[in-house]
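Novice: Join these two chains into a complex; the hints should help.
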Amino acid sequence: MLGNILVNALMNAGVYAMLAVGFSLMFGVARIINLAHTAFYMVAGYCIFYLVSTAGLPLPLAILISIVAVVVLAVVVYRLLIDPMREHETTVLILTIALALVLQEAMLLWFGGYFRSVPAATAGYATILGVRVSFQYLLTLGVLAGALVAVWFVLMKTKLGLAIRATAQDREIAEVMGMDESRTATLTVAIASALAGLAGAIVAPLYILEPRMWLNPLTIVLAIAVLGGLGSLKGSLFGAAIIALAESLVVFLVPQGAFLKGAFSLGIMILVLLIRPEGLFGVAFEEER
Amino acid sequence: MPEVPETLGAPEALLEVKGLSVRYDTAVLLNDVTLRVDAGETVGLVGPNGAGKTTLLRTVAGLVHWEREKKRGTRAGNIVIEGQVVFGGQRIDRLPPHGIARLGLVLVPERRRPFRELSVLDNLRAGAYLVRDPKEVTRALETVYGLFPILRERGGQLSGTLSGGEQQMLAIGRALMTRPRLLCIDEPSTGLSPRVRREVLAKIKDIGRTGITILLVEQDVSLAFALTTRNYILSHSRVVAEGTSEELMADERLRQRYLGVAGTA
Chain F
311 MLGNILVNAL MNAGVYAMLA VGFSLMFGVA RIINLAHTAF YMVAGYCIFY LVSTAGLPLP
371 LAILISIVAV VVLAVVVYRL LIDPMREHET TVLILTIALA LVLQEAMLLW FGGYFRSVPA
431 ATAGYATILG VRVSFQYLLT LGVLAGALVA VWFVLMKTKL GLAIRATAQD REIAEVMGMD
491 ESRTATLTVA IASALAGLAG AIVAPLYILE PRMWLNPLTI VLAIAVLGGL GSLKGSLFGA
551 AIIALAESLV VFLVPQGAFL KGAFSLGIMI LVLLIRPEGL FGVAFEEER
Chain R
85 MPEVPETLGA PEALLEVKGL SVRYDTAVLL NDVTLRVDAG ETVGLVGPNG AGKTTLLRTV
145 AGLVHWEREK KRGTRAGNIV IEGQVVFGGQ RIDRLPPHGI ARLGLVLVPE RRRPFRELSV
205 LDNLRAGAYL VRDPKEVTRA LETVYGLFPI LRERGGQLSG TLSGGEQQML AIGRALMTRP
265 RLLCIDEPST GLSPRVRREV LAKIKDIGRT GITILLVEQD VSLAFALTTR NYILSHSRVV
325 AEGTSEELMA DERLRQRYLG VAGTA
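If you read the protein sequences in the order shown, they are chains F and R. Add 310 to a position in the first sequence, counting from 1, and you land on the number used in this note's numbering. Add 84 to a position in the second sequence, counting from 1, and you land on the number used in this note's numbering.
Honestly, the hints are just simulated from the structure, not real lab data. Incorrect hints may have been included.
Calculated pairs, BS3-like style, for lysine-lysine (alpha carbon to alpha carbon, straight line, at most 27 angstroms) [claimed, not checked]:
{"no.": "1", "chain 1": "R", "residue 1": "LYS289", "chain 2": "F", "residue 2": "LYS469"}
{"no.": "2", "chain 1": "F", "residue 1": "LYS544", "chain 2": "F", "residue 2": "LYS467"}
{"no.": "3", "chain 1": "F", "residue 1": "LYS469", "chain 2": "R", "residue 2": "LYS219"}
{"no.": "4", "chain 1": "R", "residue 1": "LYS219", "chain 2": "R", "residue 2": "LYS155"}
{"no.": "5", "chain 1": "F", "residue 1": "LYS544", "chain 2": "F", "residue 2": "LYS469"}
{"no.": "6", "chain 1": "R", "residue 1": "LYS154", "chain 2": "R", "residue 2": "LYS219"}
{"no.": "7", "chain 1": "F", "residue 1": "LYS467", "chain 2": "R", "residue 2": "LYS219"}
Next up, chain R with everything else stripped away, as it sits in the complex (with noise of 0.2 angstroms):
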């Protein structure tokens, strides 16, 4: 597994999206968004529903081209992927996602998707799937259980039984037991109580400072806005702004029309 380069000074692009277009059929999902996220930021994006949001991360994470090679020629329909996305300097738009998770890129889906007839120490193992050494495995497992406790008690359990909040720390312990360099989190608060929600988002702060590159895709913008360093507003599959946290709600007209949060900064 390579090291995250500690170089001091200007800081590293781990992942650079460039030109990205994704459309299926005559539908556009992705318009000429071109974004990067350095080496140990945590940066968000957000956005309106369906302004493309999670295609962008399917996209990166290789599930949109995997759909595409899986599904062409059927009534499913044409998917067309244009552009580039680099990661630790890297060409991946072309590789299999399991390719890209090699590479130590990991998404956490929208709506968790645990393995839900599997059980919660059997779904952090599939996440320890391309981990080699069993005592990295065991070391990784000590991580996830030291941010979730939650997980170690419920391990035997099976995760479909589990509740809401703890499938999402399910889903997360088990992308971080990949030992990510970027993890890509979907909408990690979405259906669930306000008191959860900031329980998990402040995890994810955590894990921030543990030095893990973060992108996260998040409706509840003040949320997220608390704990990512940059961010960029998706809209109609554009990228419309990029900015910190503190510049865009300083901007009235962003705030009124995508933040969602009027007049309350």
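Next up, chain F with everything else stripped away, as it sits in the complex (with noise of 0.2 angstroms):
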């Protein structure tokens, strides 16, 4: 049971982590809440469905392409729509909205309301601490702390990163260092499809693809981005590790728990909006102090 608890939570927190990562880092760069972000990663899925049934590619192939389909989605989007309204953050949130919605009819249009899978690129599981656990699964943490480490590498360790980290803290002083605002925003939006398309990809072959599937990674992210701190990179790890574990305690420990998570999520988010609105680690934007 325990193990069980952990390993689910363990895959969640992974895939949330993910998408809030990307999520915290658009808003801390570009300034840009985009409801948007999740669409992406639904787009991902149905693209190696796609890539996979109908054109026959092999899965890894198929999950290079969807990625780099979803990033350069998302760049246009975003320099073609979001970008011009930046300063406008309620637009932003009306338009990112309704860009979320434009792809899921699109999806709903071309693949159908029906649920669909994705075959899983290996079988057979592995027992640990008494839980069987899918090569999937164990295939598809490595990939996640894989991804979570690349991106630590590039926000530390490169020249981007800095400009990243830099423009999250005060994008005016970032500039008058030199540092490309407009660029880095967009680059930044590029990393963040990319995590987003990800886990797409890892989700595919272990959940089912359906056209509203944006929907409820969009509130725990928003859950996590509340509870983490908006903005904050070490608070959506933390806020993506312990809403996963909250959620997998209750569904593994109420009755009818699985209806009951996204609720579950929500109130937390709300709690720590009565109690600690800055969330466990908010960051405040320099140039607006």
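Specialist: Okay, here's the thing in structure tokens:
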């Protein structure tokens, strides 16, 4: 039982963290709340489904193409639609939710409202702590860990990462130091959507695809962002872990818990807003002090 | 990185501000301001609060133009910039701040504004963002450490945890890492104890001696005048006087009105 809870929580924590880190990066650097973020994750899932089932490509190639496609789509949408509206915060909210709905309807149109799934990359399972863990799960956990380490490396060890961290702190001074804010923001959107794409790739063989699959992760990502502190990377990681564990506990311990997990995440969000609105590691932008 | 031309004889105007006006909606922040800074000078910019000193530095660094481009059409209102800013013979008033930084003009901002969640070393590295050659970065780092040894000791610490004086040194060090031709320093002594103030101002004097041109905005007039070669007094968004420290201090009217030091010279 405990093992089940932990494995499940770890898995979800990884997926949530990838989505939340991207969401948080975009908020920190580009200063947008991108409600369409998880829609890109859905698009990646469907893209993989199409490439594997219809075009017959091998899974790794399909994943790679899908991630590139999602990044291109996200960057084009960002430059054409979101960037010109960036200073109008409410407009960005309306715009991105509209965008998510457009993507949802597009998936509905092309793939129908059926539940779709992608075959797993590997079969078989291992037994860890008395829990049967499929190799697909282990592979997924490995990819998740690898992706998060890669993001950490880019952020902490490269010049782009330095520009991202500096811009997230104080975009005026980052500009004064010679960092092109607009370029940094675009690259951040690219990284964030690549993470969303990868999250979609991970989820596709494990869960089901359907045109409303973006909505639940979005509420969870929002809950994580509020809990961890909007714009904080550390907060995204801790928030993802806490929400994922809480969800797993509810699902396994409460009767009919699977129906309650969304409500539980949102409950945590409301509590945080009441008790500590800035979240665990809230950030304040320097130029707005 | 272009070198400062070593012209003997007539001094080279490094920065020229010509008829610069800045308005935020109906508020006039700068009104037809004209001034110049020659290569190698340390020029002081003093005047009462709200005179437009910070706005002038922000405009020169490109931040006002950038803000205008970003906020166009938002509720934040309409920003109007008129006149010209010329740096090293090139108009810069339509360039983004990062483009101006590339030319060698850097701002040490009001309130210091270190990247708080970044370590001291990362702050300095952020200053060296445009420097491609790692050897150059190391050299610049050594220069900054030579000037402010405390920054070496604090290297791994988050800059938000530094004292006010250390943050000011970091802000100046970060700006020096860009290897600037013109350093615009905004209110470096604000909020510091008299002892740290003198220390910071002495360092600025040292930096000026190394050949870097400085435009200094400072509240503490007597401290500023001790190290500037020439000064402008700004009041109510206009330049009201220009001259060497001695000239300005010798004028009883200016001294009482703007310099806040009555009859002690």
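Novice: All the hints need checking, so say for each whether the structure fits it.
Specialist: Going through the hints against the structure:
1. R/LYS289 x F/LYS469: violated (32 angstroms)
2. F/LYS544 x F/LYS467: Holds, because 17 angstroms separates the two Cα atoms, which is no more than 27 angstroms.
3. F/LYS469 x R/LYS219: holds (15 angstroms)
4. R/LYS219 x R/LYS155: violated (39 angstroms)
5. F/LYS544 x F/LYS469: It holds: about 20 angstroms lies between the C-alpha atoms, which stays within 27 angstroms.
6. R/LYS154 x R/LYS219: With Cα atoms ~36 angstroms apart, R/LYS154 and R/LYS219 exceed 27 angstroms; violated.
7. F/LYS467 x R/LYS219: Measuring from Cα to Cα gives roughly 17 angstroms; hence the hint holds.
In the structure shown, a violation is registered for the earlier hints numbered 1, 4 and 6, in ascending order.
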